[in-house]
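2 protein chains.
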Amino acid sequence: MTFEYLQDPGHGPRWHGVLPGRPEAFFLKRGDGEHAKLFGDLFTVLLSGDETEGQFGIITCDCPAGDIIPTHSHAATHETFYIVDGKVRVFVESPDGQRSSRLLEPGDFGFVPAGLAHAYRVEAPTRMLGVLSGGFERFFQRMGTPTDTADPGQPPFIPELDRIMAAGQQHGTRFFPDFTWPDA
Amino acid sequence: MTFEYLQDPGHGPRWHGVLPGRPEAFFLKRGDGEHAKLFGDLFTVLLSGDETEGQFGIITCDCPAGDIIPTHSHAATHETFYIVDGKVRVFVESPDGQRSSRLLEPGDFGFVPAGLAHAYRVEAPTRMLGVLSGGFERFFQRMGTPTDTADPGQPPFIPELDRIMAAGQQHGTRFFPDFTWPDA
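Protein chains in written order, with the numbering used here: chain U, 229 to 412; chain P, 229 to 412.
One thing to keep in mind: the hints can contain errors.
Note: identical chains are not told apart, hence a pair may lie in one copy or across any two.
[Said to hold, decoys possible] Calculated lysine to any residue pairs in the SDA-like style (CA-CA distance at most 25 angstroms, straight line): (1) LYS315 with GLY240; (2) LYS257 with ILE392; (3) LYS257 with ARG391; (4) LYS257 with LEU389; (5) LYS257 with ARG242; (6) LYS257 with ARG330; (7) LYS257 with SER328; (8) LYS257 with GLU321; (9) LYS257 with MET393; (10) LYS315 with GLU388; (11) LYS257 with GLY358.
Hints are computed from structural coordinates only; laboratory data are not their basis.
Extracted from the complex, chain U is given alone in its bound form (with noise of 0.2 angstroms):
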């Protein structure tokens, strides 16, 4: 249970160098990748887009059930849903105002382009698998922090606020607070 890398950042991750970096061929076996935790949810950089020249990046996320994550958009990423195990409801915003929502199950699928409002909560405990516009995987080790372990019994990482500003901004991520939606 180890966060040392956060004061000293040439210590680790260890994952650092599981990905090439570049477009090279590779392999991962489940529970590898680079890890990083944000509040109670583990997620798992499976490809980054700097072996996609930009194009796209993968993420698992592994998360127990909680509370409707903030309402927020992405200036310029697209984001997508697939689920492996769990249930996990998607809440979006259309561009003519309508908001509304859809539960997902194993084997379904949901597509946020970039723009929209939108939120999620976890239902109950999943493994989600998110495919990004390339570059947006690493905002969750940014808003969380890099770990070694895919342990699910590691305590959570709550980011104070500016971490998150921060994150959020470098990633063209808007928050709305107090955005309300009719089913959550």
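Chain P: place on chain U using the hints.
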């Protein structure tokens, strides 16, 4: 079991319009999407480059165990393998000519960048998810044939050689029929 839109393209398939065709939010239930049959495999497009400004597309492939598929390379397409269920051995040649393979099992991940010769062999009934540079997801529809059903019992679709070559040419794909792999 209807392929009649091959004769009458104005007729179907019924999945036409399931994807919005522009960057707009949408959701799919497991099993929904644009289905195409190619040999014994069912390819389903969950997302296309039309929704992502050309960045990426997403497919699932439901496939029985089978022979190694012919070795090929894509001029401009990055390709990923994420195993949801099953077992797939991915073969890839590195730029220095080394040929190797990796057996992927559920949760495992593989990346093959543009330009590298590669192949794969499904070693158990498999569902895998693939992310591809935007536009390449149509390759499987062009080489295979659209179908309305996800029924695994539908007959295989065996394309003629000229259909294979035309789809390959349209999507920057070269085939290497005489290629051999040390562990195939």
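A quick look at each hint next to the structure:
1. LYS315 with GLY240: The answer is neither: 33 angstroms in one copy and 33 angstroms across copies each exceed 25 angstroms.
2. LYS257 with ILE392: neither (30 angstroms within a copy, 33 angstroms between copies)
3. LYS257 with ARG391: neither (31 angstroms within a copy, 36 angstroms between copies)
4. LYS257 with LEU389: Classified as neither; 34 angstroms inside a copy, 36 angstroms across copies.
5. LYS257 with ARG242: Cα proximity of LYS257 and ARG242: one copy only (15 angstroms, versus 38 angstroms across).
6. LYS257 with ARG330: Classified as between; 10 angstroms across copies, 31 angstroms inside a copy.
7. LYS257 with SER328: between (37 angstroms within a copy, 16 angstroms between copies)
8. LYS257 with GLU321: Close across copies (20 angstroms), not inside one copy (36 angstroms); limit 25 angstroms.
9. LYS257 with MET393: neither (33 angstroms within a copy, 34 angstroms between copies)
10. LYS315 with GLU388: Result: close neither inside a copy nor across copies, 28 angstroms intra and 42 angstroms inter.
11. LYS257 with GLY358: Answer is both; intra-copy 17 angstroms and inter-copy 16 angstroms each pass.
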